[in-house]
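Engineer: Chains as they are written, first to last, in UniProt numbering: chain A, 1 to 189; chain B, 1 to 189.
Errors might be hidden in some of the hints.
Copies of the same chain look alike in the list, so a pair counts if it works inside one copy or between any two.
When the alpha-carbon atoms are kept at most 25 Å apart in a straight line, the in silico DSS-like pairs for lysine-lysine are as follows [stated by the list, open to error]:
hint, residue 1, residue 2
1, Lys188, Lys116
2, Lys116, Lys164
3, Lys55, Lys158
4, Lys29, Lys9
5, Lys9, Lys55
6, Lys48, Lys188
7, Lys48, Lys164
8, Lys142, Lys55
9, Lys101, Lys116
10, Lys164, Lys188
11, Lys9, Lys96
12, Lys65, Lys9
13, Lys142, Lys48
14, Lys101, Lys9
Derived by calculation from the structure, the hints in this document are not laboratory data.
Protein chains: 2
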Amino acid sequence: MIQAISLDKYYRLLNIGPTVLVSSKHEEKENVMAAAWAGIVDFYPTPKVSVILDKSSYTRELIEKSGYFALQIPVARQAEMVLALGEISGKTHPDKLRTCKTELFYREHDNIPLVKGCAGWILCERLPQTDNEQQHDLFIGKVIACYADDEIFDGHWKFETADKGWRTLHYVAGGHFYTIGDPLIVEKN
Amino acid sequence: MIQAISLDKYYRLLNIGPTVLVSSKHEEKENVMAAAWAGIVDFYPTPKVSVILDKSSYTRELIEKSGYFALQIPVARQAEMVLALGEISGKTHPDKLRTCKTELFYREHDNIPLVKGCAGWILCERLPQTDNEQQHDLFIGKVIACYADDEIFDGHWKFETADKGWRTLHYVAGGHFYTIGDPLIVEKN
Chain A
1 MIQAISLDKY YRLLNIGPTV LVSSKHEEKE NVMAAAWAGI VDFYPTPKVS VILDKSSYTR
61 ELIEKSGYFA LQIPVARQAE MVLALGEISG KTHPDKLRTC KTELFYREHD NIPLVKGCAG
121 WILCERLPQT DNEQQHDLFI GKVIACYADD EIFDGHWKFE TADKGWRTLH YVAGGHFYTI
181 GDPLIVEKN
Chain B
1 MIQAISLDKY YRLLNIGPTV LVSSKHEEKE NVMAAAWAGI VDFYPTPKVS VILDKSSYTR
61 ELIEKSGYFA LQIPVARQAE MVLALGEISG KTHPDKLRTC KTELFYREHD NIPLVKGCAG
121 WILCERLPQT DNEQQHDLFI GKVIACYADD EIFDGHWKFE TADKGWRTLH YVAGGHFYTI
181 GDPLIVEKN
């Protein structure tokens, strides 16, 4: 079941470095792209994330217009979709989401489309940064809400007990991912 | 054996989202810290990385003074050291590196200390960005050289065949890591 995650725990979704999906909507246009270059900027007092968005990307255009986006964490059973979402452009393929078999849903923010089947969703308001966006393609978002599927994340990851289809994806190149592996716990002194 | 990696492949070290170690040196002072919040900004034409460095960190101070740092990718058998490097400050513990049993070496740049035993090393020149550094603690570095241990990375990761002690670390919180897991290859159409 999808549950709200308190904003002091959202960073744990991104901390392990998964490949993400970036989604946005402006007017009636929705789009989703895959991105390996997303991360955390801060978790307190203002939770913030970063993501690199190429100037050619349609999702970037929607984010610039709407001011909102989501980062979501896809999982192993979605790998084929994730690769397709990274290779097809919504600019040249208006039916990209149907081609990629990507189903969307909405929570409280009706201009932030979310991809079904992911482990978690981080809803963000873009903090406009002209220099970063123009020079580095670097977008920063303030986290405004976070959700996760409690089959796999409830503030803690449940990889140890969940089905392997729930493993996060870590992209290398050329269709080649690794999934997250075993826990390694270091006892603190 | 440690081999140079061409700069069009360096991003594969970071693409899978591992926890990193950040190292720097100014005059005779060397330091290393652990960081989960590092990533890629660009790979062509100018390879660039980003890393979040808290204002209280001693490594940040050394980077501000020297203008150079390295991101390196530690592995499972170094987990205890990585946790310690994230918890002890070089500001209050001048003997931090000895306490953490961290051994350094140098390649061509004698002001960029590198941590022995890692999978790969990304040597960077800081691109000063006053707003990012002050507002977001966000540092951007231009990649000037890259090395990897060919036991585990030669432009491709070798997790499938290497010893499990070579698995990358993906930090959650409280001493709890995951190591990278199995490959998942999606055939492109």
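Engineer: Against this structure, judge whether each hint is valid.
Structural biologist: Hint by hint, here is what the structure shows:
1. Taking the shortest Cα distances, Lys188 and Lys116 sit within 25 Å of each other only across copies (23 Å), while inside one copy they are farther apart (37 Å).
2. Within a single copy, Lys116 and Lys164 get their C-alpha atoms as close as 18 Å, which meets the 25 Å cut-off; across copies the closest is 33 Å, which misses it.
3. Within a single copy, Lys55 and Lys158 get their C-alpha atoms no closer than 36 Å, and across copies no closer than 33 Å, so neither meets the 25 Å cut-off.
4. In the homo-oligomer, the alpha carbons of Lys29 and Lys9 never lie at most 25 Å apart, since the shortest distance is 31 Å inside one protomer and 35 Å across protomers.
5. Only between protomers do Lys9 and Lys55 lie at most 25 Å apart by alpha-carbon distance; the minimum there is 22 Å, versus 31 Å within a single protomer.
6. In this assembly of identical chains, the alpha carbons of Lys48 and Lys188 never lie at most 25 Å apart, being 28 Å within a copy and 34 Å across copies at closest.
7. When the C-alpha separation of Lys48 and Lys164 is checked against a cutoff of 25 Å, the pair qualifies neither within a copy, at 29 Å, nor between copies, at 34 Å.
8. In this assembly of identical chains, the alpha carbons of Lys142 and Lys55 lie at most 25 Å apart whether taken from the same copy (21 Å) or from different copies (20 Å).
9. When the C-alpha separation of Lys101 and Lys116 is checked against a cutoff of 25 Å, the pair qualifies only within one copy, where the shortest distance is 10 Å, while the shortest distance between copies is 45 Å.
10. Taking the shortest alpha-carbon separations for Lys164 and Lys188, only the inter-copy value of 22 Å comes in at or below 25 Å, while the best intra-copy value is 29 Å.
11. Proximity of Lys9 and Lys96 under a CA criterion of 25 Å is satisfied in neither setting, with 32 Å inside one chain copy and 29 Å between copies.
12. Neither within a single protomer nor between protomers do Lys65 and Lys9 lie at most 25 Å apart by alpha-carbon distance, with minima of 29 Å and 34 Å respectively.
13. Taking identical chains as interchangeable, the C-alpha atoms of Lys142 and Lys48 lie at most 25 Å apart whether they share a chain (4 Å) or sit on different chains (23 Å).
14. In this assembly of identical chains, Lys101 and Lys9 lie within 25 Å of each other by CA distance neither inside one copy nor across copies; the values are 30 Å within and 31 Å between.
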